[in-house]
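J.: Take the two lone chains and join them into the complex the hints point to.
Listed below, chain by chain, are the residues.
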Amino acid sequence: MTLHDLEKSFQAKIDAEIKIEPKDWMPDAYRKTNLRQISQHAHSEIVGMLPEGNWITRAPSLKRKAILIAKVQDEAGHGLYLYAAAETLGTSREQMIDDLHSGKAKYSSIFNYPTLTWADMGAVGWLVDGAAILNQVMLCRTSYGPYARAMVRICKEESFHQRQGFDALLVLSKGTPEQKAMCQDAINRWWWPSLMMFGPKDSESTNSDQSMKWKIKRKTNDELRQHFVDMIAEQIKLLGMTLPDPDLKWNAEKMHYDFGEINWEEFWNVVKGNGPCNKQRLEARNKAHQEGEWVREAALAYAAKKAERLQKRVA
Amino acid sequence: MSISKLDFLKFQADSSHILSQRNAELCAHGPILEQDIAITNITLDLLGQARNFYQYAATLSGDPVVTEDSLAYLRNEREYKNLLLVELPAADWSYTVLRQLFYSVYQYLVFEQLEKSTDLQIAAIATKSLKETTYHIKWSSEWVIRLGDGTEESHSRIKKALVDYWPYTGELFIPAPYETETLLGFDLSALKYGWLKQISAVFEEAKLSIPENIFMQTGGKTGVHTEHLGFLLAEMQHLQRSHPGAIW
Ligand SMILES: [Fe+2]
Ligand SMILES: [Fe+2]
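If you read the protein sequences in the order shown, they are chains X and A. Be aware that the first sequence starts at 1, since it is given in our numbering, and climbs by one per residue. Be aware that the second sequence starts at 1, since it is given in our numbering, and climbs by one per residue.
Since the hints were derived computationally from the structure, they do not count as laboratory data. Every residue, glycine too, gets a C-beta built ideally from N, C-alpha and C. Do not take every clue at face value.
Mimicking DSS-like on lysine-lysine, the simulated pairs with C-alpha atoms at most 27 Å apart in a straight line are [what the hints assert, rightly or not]:
1) X:306 / A:138
2) X:201 / X:254
3) A:128 / A:207
4) X:305 / A:207
5) A:197 / A:160
6) A:159 / X:287
7) A:131 / X:63
8) X:213 / X:13
Listed next, the stretches of chain A that the computed footprint assigns to chain X, with coverage defined by at least 3 CB atoms under 8 Å from CB atoms of chain X [claimed, not checked]:
9) 18-28
10) 138-152
11) 198-212
In silico negatives: residues of chain X with every beta carbon more than 10 Å from chain A [claimed, not checked]:
12) 219
13) 251
14) 266
In isolation and in its complexed conformation, chain A is listed as follows (with noise of 0.2 Å):
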């Protein structure tokens, strides 16, 4: 099995996955029934990805020691290879729903790559999660709509989610080892362009703008993360570590 094959199997299970726990924060937190019931949705999306992705990158790794959980509960904060975007706290509503778009455009993009793939197991996650991402943009489009078109307050709150986060989009289009062309078969980096006139569009109706020369954080896909992801880690792999074999 080739490293890198699994490496971006990794990538792409840690970032559903930690976006999944970030989200889950809000579960019975959220700011209107209805919408503690709709995060609540892509939560559970995202981790229905994430285990597909683990579980997949298991079978491959030939080692019958390795699991899904052993995956996203014994690995560190160096071994981790989510985006940087997905484990940065969300100090409101607006955060959570303008890293929601963001994300799931992405996400978006890639898995219409991946469904080409001739890795079929590959290809058909790809599927299924396109299904699941579709409804993600929809929602999330119109939440940043609503935000930025909404009162005043709003428009601020996510200007300055859009400041916190932007230096954070960057790497989603920047090729990790594991992610070149030779070996996705398709080239990563060319799909900025349709993320970003995605993104321009919602935008657009949102009533904000893309901001320009911001400088662009990277190390997520290669495992230097912020500081953020190792209290993140510790309080979701405190039982696995606590109790080193057990079955749940």
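Bound-form chain X, shown alone (with noise of 0.2 Å):
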């Protein structure tokens, strides 16, 4: 077969909504974009595990101190599955974990922005992982077949997250005068770098004509933006609260909310590394990798010792 004919049947594939499997032919750049993409997914659980780690030890009772070790947790399980749906593309995890070190490799911007008060792990849960779900929604029906099944597993997690963390708001909502302005000051922060989870405009995205031919993705970040604000406008009002965009306002005749105008220049400069924790977290995973290692050439060296232990028994 020719190129030309294999990658005519790749795309019949697609079209049928067959999935792509590991030893499936695929072009080399489908090869590129679910790797980068897996991976930069994969980082971005892990690195979200620290702000949101921030606050543990601080939790405000028993109760909301076990559901936020166990959300925790949950995402390094979910790091877990995306680098093992990656390392299926032929990149070992030690290299993606070294190229997110480097700074080689991208996660999502929003984990460069500080907690600062426990409202933050309501708002966190509620936004950037109601955010995330609309992402992770659309994924389960990727064309990569272990990026779709990883994905399946993770929503349902996900979703528990989104309400775990609306309902820590609810419970500040109806608190005292201080826990009330907690709430919405968590709010105020968190939902423009929500907003800015979709990526770029769909005029201003590179890659998104390809990656929906190849249905990698299924929807454009317009459009989950869009879907984003309308499910948050409405869930908002239980609250009692406000987002801060004075523009915000149902639209009749679209069945859609209007939304003022992102800031793109603060968006670009948080990509390009000057967000208000991008070094931190960083540094924070540098310092854990380096003072785990002797930790893993330990489990490594007693390993190899007793294999060679079996073995001599066995000889």
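T.: Quick look at the structure:
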């Protein structure tokens, strides 16, 4: 078969909704795009543990502490599934992690914002996990099999996270004046960065067309973002709080909410590494990795000794 | 309600709670992703055990103002009864796994006795905790062996952890006033031999030896702690203390 034939039958499979599996032929660019996206996604789960881990030792009740610890642990599990899915494309987890630590690989910019008060735990769950879910529900049907299957497992837990986040805010919204203020403040700080999670506008997004054709993505950034705004604009009413956007208004003609302009300068600045916590997040990951090096070495050395002893016994 | 039984429940709750708080510091900072998840599992189990004891203590107190959270968040350094061992900072992974082994084996032996308690609530908590603790012992033993018999560096690190933590193990089996044989239904000090036996078996594989003639520190069980506890509580209790009466 010529390259052209291979490409044609590959696209035919995609069009017929047949999943692409690791051993199947795939265009180089398809492999690269998936590898980049899945590993970025994995890194986001792992780096995402940091801003929430920040509040574990200060959680204000035993119940909230248990919920928060379990949530951060879930994210570690998501990272594991995703690294495993990405490895099927031929790059090792070590390599991917090295790329994260050297700054070569990216992760979601949202985690470069600080978690300043307890209310941020609620806002992150509700808004950040909420935005992530919309993307991830779509990815449950993505064309690369291992990625789609990892997403199905992850989505169940994510919707749980979002509900827990909302519930934490709901309690604050009915609490003392200080708690209410804390709740509103967290929403104010996390709202715009959450909208940025969907990426650049469709008109500015470079990879979008090809990704849609290959069914890696099935909805555009703007479609997903609109869906998110429509969802949150309704849910916030239950909290009795407001979203920090004077232009937010129901548009009966479009049957959607209109919303204000995102600060794209801020978006690109954080992507480029100038967010409030870019440096701290990478440092924290590097520190954990470096401090764990002797532990990993010891585990390897012991496993080797054990295998050797076993072999001697057999022989 | 006898004060002694309440004290014993608080002591058990505090010890598991403080260890879970220490272990939780590693969540998102573990040496390997899989082990980050494993230590966090243990953290959650310990927190669950602590909550069971706090909740029962709250019920028994007969005071409607007392809850699991008031017991955890509104008691001071001198009121906390946890073992000194669990409040110490862990300098590295070898401290974490060694302490877990010491504590989990201790818990196992105590829960085995408590399972036979005539207080059915305590017996039920013990039964549930035993299952979890069995896994904690397996996990921590494996790590102690791995580090002890791993590389030169890991061996010397865990040896240092042993030197630092061993003086805090004597307290485990010295009965506090609320732990007499009459009150507990078993002789706590007699469990020490079983503990030493299990630890020695792990140490043999880990190429470590039990330190001898070491002076043992005590005080935790009666609320006389190390300087570390105050900082731990300040961090943990800050929201409850700065928003009195708030619901979270
Ligand atoms: Fe996740
Ligand atoms: Fe999540």
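J.: Which of the numbered hints are not met once you compare them with the structure shown?
T.: 3, 11
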